[in-house]
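K.L.:
Quick note, the sequences are listed as chains A and B, same order. Residue 81 in the numbering used here is what sits at position 79 of the first sequence, and the numbering runs on without skipping anything. Residue 13 in the numbering used here is what sits at position 11 of the second sequence, and the numbering runs on without skipping anything.
Please keep in mind that the hints were generated in silico from the structure rather than gathered at the bench. Glycine included, each C-beta is placed from N, C-alpha and C at the ideal position. Treat each hint with caution, since some may be false.
Said to hold, decoys possible - So the derived label-pair ranges between C-beta atoms look like this:
| # | chain 1 | residue 1 | chain 2 | residue 2 | range |
| --- | --- | --- | --- | --- | --- |
| 1 | B | E54 | A | L123 | 21 to 27 Å |
| 2 | A | E129 | B | E107 | 19 to 25 Å |
| 3 | A | Y34 | B | T36 | 52 to 58 Å |
| 4 | B | A93 | A | F116 | 34 to 40 Å |
| 5 | A | L123 | B | D45 | 58 to 64 Å |
| 6 | B | P94 | A | P44 | 24 to 30 Å |
| 7 | B | A198 | A | G26 | 48 to 54 Å |
| 8 | A | K7 | B | G182 | 49 to 55 Å |
Unchecked claim - In silico lysine-lysine, DSS-like type, Cα no more than 30 Å apart, as pairs:
| # | chain 1 | residue 1 | chain 2 | residue 2 |
| --- | --- | --- | --- | --- |
| 9 | B | K139 | A | K77 |
| 10 | A | K64 | B | K52 |
| 11 | A | K77 | A | K64 |
| 12 | A | K178 | A | K77 |
| 13 | B | K139 | A | K178 |
| 14 | B | K52 | B | K139 |
| 15 | A | K178 | A | K64 |
To be verified - If you want the ones that stay clear, here's a sample from chain A, every Cβ over 10 Å from chain B, calculated:
| # | residue |
| --- | --- |
| 16 | R24 |
| 17 | G25 |
| 18 | V52 |
| 19 | E80 |
| 20 | G91 |
| 21 | S95 |
One letter stands for each residue in the lines below.
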Amino acid sequence: MTRAKVALTAVAVLSVGCAVYRGGELGVVPEYAAAPVPVPQPSISVVLAVRILVNDRVQDLKREVFPNLERPVVKAYEDSGYFERVVAGLEPSDLRAEVRVTEGFLSRPSAVQFSGLTLLLLPHFREVEISSRTTFVDAAGRPLGTIEKAETVHYFNQLFAIAIGRLSGQYRTEDKTYADLQRATVVEAAQRGWLQVGDPAKRTGPGSVSFRSP
Amino acid sequence: MGPRLTHAAIAALLFVACHPVIYIPMGSELGDGTQARCQLARDAWLAPVKIEDPNVADRDHLEPALTLDLQRFLREERSFRRVSLLPGEPAPEDLILRFAFPRFEQSLIQCPGCNAWTVISMGMSANNMESWELHSKLGGRLRVERLTGEEIATSSLERSEDEATGRGVWRSPGPPSAIGLRAGLVRQLVYDACHAFPIGSAE
């Protein structure tokens with residue numbers, strides 16, 4: 003085998019990658035400053051459960067991954083500046099955010115197999131739909147309301163997609179989307195007045211109503 | 003191994019690495035709830051779940067996640083009129099549910115050559131996962147209390163399961179998991195406690 007063939011093979015193999023782009027369902031995520039809370043609230047506890055779907059089938063989540071999924075959620079509440087104290091878990095607090103995240107991985111087995119047989123010369127697609135459903139609860143355990151946010155991340159797998167995938171840093175798209183969902187949730191809760199502890203007049207909706215992003 | 007096969011193997015390795023992770027089942031997922039066989043027309047408050055198994059290392063993460071999953075599951079089962087989480091302020095007539103898991107063991111065993119074969123065959127072989135086997139042992143306890151702490155009903159149960167899958171990655175419903183075992187255990191604990199309940203229980 004000539005050196006040129008080896009080099010060509012190496013380039014081809016190392017060029018396998020995914021181009022990643024967001025579906026845009028979430029829209030522009032406002033900054034925390036867009037919905038300032040007049041006085042930082044005393045405390046909020048954040049509790050998280052994660053559901054994994056692979057082609058619509060429920061799977062178990064590897065526990066080691068959990069802290070990586072919990073950290074951005076807690077950070078979204080900390081970064082907001084809306085609270086004096088943010089704690090993870092079911093702790094006594096003035097407010098509680100019950101966050102249920104679903105990550106749905108979707109790929110078409112036949113397309114993947116066909117693409118694989120051509121060693122990815124023919125591309126295939128896969129998607130990850132990340133959704134977050136957060137119920138805000140007051141200190142007495144009464145639900146204030148629920149906010150749902152979702153966005154799909156699309157992956158385009160192809161032999162030479164490395165240049166627009168791995169090299170451009172798009173592989174962090176999924177993490178950024180996840181963090182954006184949480185920020186959008188916190189900002190919307192602030193806009194709805196649900197983070198004003200002890201001031202029900204500032205709340206804009208009955209507790210049982212759910213609001214879903216378009 | 004010839005150069006072509008080597009190239010194919012390397013490409014397959016990268017190809018597989020670009021796909022959804024096959025999760026090792028060690029979580030809190032309970033699956034979807036169904037209509038419970040025994041329902042109580044009472045509001046219930048779920049206390050934070052306790053994992054008492056000393057072999058479970060990351061309880062700080064697992065217990066709250068399991069509590070939240072359990073709340074969703076019980077709501078879907080409609081075992082109670084309403085299920086809220088503690089801390090909170092239950093009414094005097096409300097029920098307090100305390101779940102504890104003295105045993106929460108799971109181990110996944112895979113044949114040594116299985117990973118290599120999965121990579122070489124790009125996940126398309128029917129035999130890829132047949133050597134994956136999950137051993138699960140679960141022990142659970144449910145104590146139903148009044149707000150005063152007085153016990154109303156209790157139930158405890160232990161179950162184990164060995165599960166293996168023998169289908170290819172893409173055709174398989176996924177790696178083996180103890181989701182069904184956990185859901186079955188919780189369902190039975192609630193059913194047993196419901197039947198031990200002095201008043202208001204109904205099939």
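K.L.:
Against each hint, give a clear statement of whether it holds in the structure.
P.N.:
Structure-based check of all given hints:
1. B/E54 with A/L123: 21 to 27 Å: 54 Å, violated
2. A/E129 with B/E107: 19 to 25 Å: 35 Å, violated
3. A/Y34 with B/T36: 52 to 58 Å: 41 Å, violated
4. B/A93 with A/F116: 34 to 40 Å: Once the Cβ atoms are compared, 60 Å apart, the range 34 to 40 Å for A/F116 and B/A93 is violated.
5. A/L123 with B/D45: 58 to 64 Å: For A/L123 and B/D45 the Cβ distance comes to about 60 Å; the hint holds.
6. B/P94 with A/P44: 24 to 30 Å: Check passed, 27 Å falls within 24 to 30 Å.
7. B/A198 with A/G26: 48 to 54 Å: 53 Å, holds
8. A/K7 with B/G182: 49 to 55 Å: 51 Å, holds
9. B/K139 with A/K77: 35 Å, violated
10. A/K64 with B/K52: 19 Å, holds
11. A/K77 with A/K64: 21 Å, holds
12. A/K178 with A/K77: With Cα atoms ~13 Å apart, A/K178 and A/K77 stay inside 30 Å; holds.
13. B/K139 with A/K178: 37 Å, violated
14. B/K52 with B/K139: Cα-Cα ~16 Å, so holds.
15. A/K178 with A/K64: 21 Å, holds
16. R24: 18 Å, holds
17. G25: 17 Å, holds
18. V52: A/V52 not clear of chain B: closest Cβ-Cβ about 7 Å, inside 10 Å.
19. E80: Consistent with the label, A/E80 stays out of reach of chain B, its closest Cβ about 17 Å off (over 10 Å).
20. G91: 5 Å, violated
21. S95: 8 Å, violated
Of the numbered hints given earlier, the model fails hints 1, 2, 3, 4, 9, 13, 18, 20 and 21; all others are met.
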